[in-house]
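Sequences and hints are given; from them, build the entire structure.
Number of protein chains: 2
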Amino acid sequence: MYYVLLSGGSGRRLWPLSNEARPKQYLKLVNKEDNSMERCSMLQRVWAQLKEAGMAERTVITAGADQRELIKSQVREAQIAVEPGRRDTFGAVLLSCAWLWSRGGASKDDYAAVMPVDPYTEEAYFETVKQLEEVMKKSGAEVGLMGAVPSYPSVKYGYILPGERKDGWISVKGFAEKPDEEKAEELMKQGALWNCGVFCVRIGDILKRAVSYGVPEDYEGLCAAYDRLPRISFDYEVLEKARNLAAVEFRGYWKDLGTWDAMADQMSTDTVGNVALDESCENTQVINELKVPVAVLGARDLVVVASQDGILVTDKNQSARVKEVAAAFASRPMFEERRWGTLETLDETEYRGLSTLTRKIHIYDGMTSSYHFHKERDEIWTILSGTGELILEGTRIPLGPGKAVCIRKNQRHAVKALQDFEYIEIHVGTSVGNEDINRITFNWDEIELSHIL
Amino acid sequence: MYYVLLSGGSGRRLWPLSNEARPKQYLKLVNKEDNSMERCSMLQRVWAQLKEAGMAERTVITAGADQRELIKSQVREAQIAVEPGRRDTFGAVLLSCAWLWSRGGASKDDYAAVMPVDPYTEEAYFETVKQLEEVMKKSGAEVGLMGAVPSYPSVKYGYILPGERKDGWISVKGFAEKPDEEKAEELMKQGALWNCGVFCVRIGDILKRAVSYGVPEDYEGLCAAYDRLPRISFDYEVLEKARNLAAVEFRGYWKDLGTWDAMADQMSTDTVGNVALDESCENTQVINELKVPVAVLGARDLVVVASQDGILVTDKNQSARVKEVAAAFASRPMFEERRWGTLETLDETEYRGLSTLTRKIHIYDGMTSSYHFHKERDEIWTILSGTGELILEGTRIPLGPGKAVCIRKNQRHAVKALQDFEYIEIHVGTSVGNEDINRITFNWDEIELSHIL
Chain F
1445 MYYVLLSGGS GRRLWPLSNE ARPKQYLKLV NKEDNSMERC SMLQRVWAQL
1495 KEAGMAERTV ITAGADQREL IKSQVREAQI AVEPGRRDTF GAVLLSCAWL
1545 WSRGGASKDD YAAVMPVDPY TEEAYFETVK QLEEVMKKSG AEVGLMGAVP
1595 SYPSVKYGYI LPGERKDGWI SVKGFAEKPD EEKAEELMKQ GALWNCGVFC
1645 VRIGDILKRA VSYGVPEDYE GLCAAYDRLP RISFDYEVLE KARNLAAVEF
1695 RGYWKDLGTW DAMADQMSTD TVGNVALDES CENTQVINEL KVPVAVLGAR
1745 DLVVVASQDG ILVTDKNQSA RVKEVAAAFA SRPMFEERRW GTLETLDETE
1795 YRGLSTLTRK IHIYDGMTSS YHFHKERDEI WTILSGTGEL ILEGTRIPLG
1845 PGKAVCIRKN QRHAVKALQD FEYIEIHVGT SVGNEDINRI TFNWDEIELS
1895 HIL
Chain B
1445 MYYVLLSGGS GRRLWPLSNE ARPKQYLKLV NKEDNSMERC SMLQRVWAQL
1495 KEAGMAERTV ITAGADQREL IKSQVREAQI AVEPGRRDTF GAVLLSCAWL
1545 WSRGGASKDD YAAVMPVDPY TEEAYFETVK QLEEVMKKSG AEVGLMGAVP
1595 SYPSVKYGYI LPGERKDGWI SVKGFAEKPD EEKAEELMKQ GALWNCGVFC
1645 VRIGDILKRA VSYGVPEDYE GLCAAYDRLP RISFDYEVLE KARNLAAVEF
1695 RGYWKDLGTW DAMADQMSTD TVGNVALDES CENTQVINEL KVPVAVLGAR
1745 DLVVVASQDG ILVTDKNQSA RVKEVAAAFA SRPMFEERRW GTLETLDETE
1795 YRGLSTLTRK IHIYDGMTSS YHFHKERDEI WTILSGTGEL ILEGTRIPLG
1845 PGKAVCIRKN QRHAVKALQD FEYIEIHVGT SVGNEDINRI TFNWDEIELS
1895 HIL
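For the record, the sequence lines run as chains F and B.
Numbering-wise, this note's numbering puts 1887 at position 443 of the first sequence, and it's gapless, one number per residue.
Numbering-wise, this note's numbering puts 1850 at position 406 of the second sequence, and it's gapless, one number per residue.
Keep in mind the hints are simulated off the structure, nothing from the lab.
Errors might be hidden in some of the hints.
[Said to hold, decoys possible] Chain B regions said to be covered by chain F (calculated; three or more residues, Cβ under 8 Å):
id : segment
1  : 1536 to 1547
2  : 1610 to 1619
3  : 1706 to 1715
4  : 1800 to 1807
5  : 1826 to 1836
6  : 1840 to 1849
[Stated by the list, open to error] Mimicking BS3-like on lysine-lysine, the simulated pairs with C-alpha atoms at most 30 Å apart in a straight line are:
id : chain 1 : residue 1 : chain 2 : residue 2
7  : F       : K1767     : F       : K1516
8  : B       : K1860     : F       : K1853
9  : F       : K1735     : B       : K1767
10 : B       : K1804     : F       : K1735
11 : F       : K1847     : B       : K1804
12 : F       : K1853     : B       : K1610
13 : B       : K1735     : F       : K1767
14 : F       : K1804     : B       : K1627
15 : F       : K1847     : B       : K1472
16 : B       : K1574     : F       : K1847
17 : F       : K1853     : B       : K1627
18 : B       : K1610     : B       : K1627
19 : B       : K1735     : F       : K1735
20 : B       : K1819     : F       : K1804
21 : B       : K1847     : F       : K1847
22 : F       : K1804     : B       : K1735
23 : F       : K1622     : F       : K1600
24 : B       : K1819     : F       : K1847
25 : B       : K1847     : F       : K1860
26 : B       : K1495     : F       : K1853
27 : F       : K1804     : B       : K1610
28 : F       : K1819     : B       : K1767
29 : F       : K1819     : B       : K1847
30 : B       : K1735     : F       : K1472
31 : B       : K1735     : B       : K1860
32 : F       : K1860     : B       : K1804
33 : B       : K1472     : B       : K1819
Small disclaimer: the values here were computed from a predicted structure and weren't measured.
Glycine included, every Cβ here is placed at the ideal spot set by N, Cα and C.
Below, the structure written as structure tokens:
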């Protein structure tokens, strides 16, 4: 039995904290599973649980290339299958199986249980996932599912409709998407289960499907041919067509932290950051990532979130609609996390076709940038704290607080933090931000060898 | 009859928009009196009303030195009596009378009606203020007051208790501070009036009191001796001791916009700035001075205010308590308005005893700074937009987008905007911000004459 954590979605539902550069599964908002009250990300919590259950070594995380650095910075030992482009979930599952077979040591007869990266759940969930292998063998099903026994008639989840109960598993009759409350109560009485988004397949069965799209079934080959796959969901391509589905029941705590309502309930404290939550407030959570204070008075059932991308004030009952509202705010993320540090946008100004962008950059101790140049902009750097080293057109320049440097168009440069290191960089030109980065090498030592000497 | 607009208070009750550098009377949040739906400040609205009533020419605005530039930029023709230091309202009234007598053309037999700078009211208010002169003459009162006939039993205002009704005025029996609702209803039945904070005195009577503190009664002399005055309120020093008080009734619309609750009700729109106010909201106003969006869903009876100094989410019934909460957030204002432009703080970093401060400066077309130097910091400037001129140690340096300059400790410098002009300035040193500014001259032409040549 092998495991896949599927990491997808840009997380607009948790705006303004989540954005394309920081999907929700990487936000450090939930408490650790050990009840230490320390905060970690959903990915880190799930990973700790997988390790506890002895599953982590046979797990691959499947995610887009833009998430690789984030995953590595949060889970250093993670094995990652990188999606070469954006396809839907069928592509991601196929890629995961190809990785498990080509790199993960799995055979075609092995099973893979695919899980979302962001459930908020407990140990028993993972023990139940393990049972899917036996369910597959006993039932002979094409796909095995896991369903949580509902604790209340939720209108937010999809339901798995049970057929016959067998020895340790249930045959699946069908699905019901988010029902109204009356219908949900009826479904509960019939023994329907919340669909946790977990499914189990035989790796060889999935790889066979590669052939039907004319793509190789090994990881390398599949990556190269990835754009030949259709944009289709696993549900549509596999689940809906399967004649034989089996489910296992999970009796325990499970929650999808997809909305601020649900997320706020799982926070170990009512406030994060510089917040004055007045005692006149009730059932209200406030998350503040800004340095300036957030004061809340007389609020009831609210979630307030302030980040550099925007400010949200929402009644908990309305929080499912944040995604719609946030869709209108398509702009450059103001705060980005990278493997090597963080980027914070302080100002953007346009003037007669010339753009300027002012950012605060933090580079972690010992980290380096690539050696690169820009064709369309100059950069003016002013060092705030720490010490570092700039290589500019082959010359080493020591950097410390108060030092300012101008890096002109086409000048090759790279920076290394000798200690935790912060500077303000101002881009001036026709292309600013994360574009127009022409990389020569990622390796600091190579700069010295092949370019300076 | 002469008039005084008393401008005091740092406006913590309208945090995070108002701060020491931007008291509430200068916030451009209310609609103009002409119902144009254009926004103006409370000061501008009152000033327009004074002009309309033919009173502006005999009006002096009394305010602290730090407010002079703001007043001038909002009301160019205003005459200002500048308080040389912080005393309480008795000092301010004495100073106002001294100004009217020394500079404003008033005699000691003339009357001065003192008004707060920030009532939200209508034309008839000013016509009623004018009647105070006659009330003073008829009644022979030491102080004349104006009271608004209450429209509801407010618990937020002080009440003037009426004695006998005479020909056009009422003798004053006493005062009742913010009563509870029951008491307020009773007061209304007795004909009590809301205290609007307007009072009228004979200028000579007030000037006489200067002598008792051993200070001169002329404006220049009083300014020089201002610190000899006690910190005492006009209410305590004059009003409470007066044996003979007369009041005039004002029957019209009057409101003190001292809390967000009251202010929000007077806004001509529900939103200011980049705001998505969902249709699920009720009786909610949102003011956003930031560039990033504020989204509000499912809110009822809330006021949401976002500025560079902080974020407030308050139930309208709790908004009177903002001042208490904000008192805890004593920090450098993040946004400051000046006669010549604006200052916006983007970042503050401390590192091993060295401070850095990153600000975005906007200088209006044609405006200049003083010629000055700093002993404790370097400054690194990067121009974002517009064109300007720097004089650095007597040398003229043209400034345009992308240009960067370092101004080292003790280097004399001044800047002039040749067009609307923006730059990022980074202070690095042991003293950053609005301190350690050693001015040589305020006059641009003098720089060239006496320092360059």
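These are the hints, each one checked on the structure:
Check on the segment 1536 to 1547 of chain B: 0 of its residues sit with their Cβ under 8 Å from a Cβ of chain F, so the three-residue criterion for coverage is violated. Under the rule that three or more residues need a Cβ within less than 8 Å of chain F, the assignment of the segment 1610 to 1619 of chain B is violated, with 0 such residues. Coverage of the segment 1706 to 1715 of chain B by chain F is violated [criterion: at least 3 residues with CB-CB distance below 8 Å; count 0]. Check on the segment 1800 to 1807 of chain B: 3 of its residues sit with their Cβ under 8 Å from a Cβ of chain F, so the three-residue criterion for coverage holds.
Under the rule that three or more residues need a Cβ within less than 8 Å of chain F, the assignment of the segment 1826 to 1836 of chain B holds, with 4 such residues. Interface restraint, the segment 1840 to 1849 of chain B with chain F: holds (3 residues with C-beta to C-beta distance below 8 Å; minimum three). Between K1767 of chain F and K1516 of chain F, the direct Cα distance comes to roughly 27 Å. Compliance with the 30 Å bound is thereby established for this hinted pair. Between K1860 of chain B and K1853 of chain F, the direct Cα distance comes to roughly 28 Å. Compliance with the 30 Å bound is thereby established for this hinted pair.
The straight-line distance between the Cα atoms of K1735 of chain F and K1767 of chain B is roughly 20 Å, inside the 30 Å bound, and the hint therefore holds. For the given pair, K1804 of chain B sits about 17 Å from K1735 of chain F by alpha-carbon distance, which is consistent with the 30 Å threshold. A threshold of 30 Å between alpha carbons decides the hint, and for K1847 of chain F with K1804 of chain B the separation of about 19 Å falls inside it, so the pair holds. About 83 Å separates the Cα atoms of K1853 of chain F and K1610 of chain B, which puts this hinted pair outside 30 Å; it is violated.
Using a Cα cut-off of 30 Å, the hinted pair K1735 of chain B and K1767 of chain F holds, with the two alpha carbons roughly 20 Å apart. Pair hint K1804 of chain F plus K1627 of chain B does not hold up; C-alpha atoms about 57 Å apart against a cutoff of 30 Å. Under the criterion of a C-alpha separation no larger than 30 Å, the hint pairing K1847 of chain F with K1472 of chain B is inconsistent with the structure, at around 40 Å. For the suggested pair K1574 of chain B and K1847 of chain F, the alpha carbons sit about 63 Å apart, so the restraint of at most 30 Å is broken.
Of the pairs offered as hints, the one joining K1853 of chain F and K1627 of chain B is violated, with about 74 Å between alpha carbons and a cut-off of 30 Å exceeded. For a cut-off of 30 Å, the pair hint linking K1610 of chain B to K1627 of chain B stands: about 25 Å separates their Cα positions. The hinted pair formed by K1735 of chain B and K1735 of chain F meets the criterion: a straight-line CA distance of about 16 Å does not exceed 30 Å. Note on K1819 of chain B and K1804 of chain F: the hinted pairing holds, with a Cα-Cα distance of about 26 Å set against a maximum of 30 Å.
In summary, the hint linking K1847 of chain B to K1847 of chain F is supported, as the alpha carbons are separated by about 16 Å, within the 30 Å threshold. Among the hinted pairs, K1804 of chain F with K1735 of chain B is consistent with the structure: their alpha-carbon atoms are about 17 Å apart, no more than 30 Å. The straight-line distance between the Cα atoms of K1622 of chain F and K1600 of chain F is roughly 5 Å, inside the 30 Å bound, and the hint therefore holds. About 18 Å separates the Cα atoms of K1819 of chain B and K1847 of chain F, which keeps this hinted pair within 30 Å; it holds.
Our distance criterion of 30 Å between C-alpha atoms is met by K1847 of chain B and K1860 of chain F, whose separation comes to about 25 Å. A distance of roughly 57 Å separates the Cα atoms of K1495 of chain B and K1853 of chain F; the hinted pair therefore is violated under the 30 Å criterion. This hinted pair does not check out: K1804 of chain F and K1610 of chain B have alpha carbons roughly 69 Å apart, beyond 30 Å. Only pairs whose Cα atoms come within 30 Å are accepted, and K1819 of chain F paired with K1767 of chain B is rejected, the gap being roughly 51 Å.
A C-alpha spacing of about 18 Å is found between K1819 of chain F and K1847 of chain B, which places the hinted pair at or below 30 Å, so the restraint holds. Proposed proximity of K1735 of chain B and K1472 of chain F is supported: the alpha carbons are some 25 Å apart, at most 30 Å. Taking the CA atoms of K1735 of chain B and K1860 of chain B, the gap is about 27 Å. The hint holds against a cut of 30 Å. For the hint linking K1860 of chain F to K1804 of chain B, the alpha-carbon distance of about 27 Å falls within 30 Å, and the restraint holds.
Straight-line distance between C-alpha atoms of K1472 of chain B and K1819 of chain B comes to about 37 Å, which puts the hinted pair past the 30 Å bound.
Of the hints listed earlier, those the structure fails to meet are numbers 1, 2, 3, 12, 14, 15, 16, 17, 26, 27, 28 and 33, in rising order.
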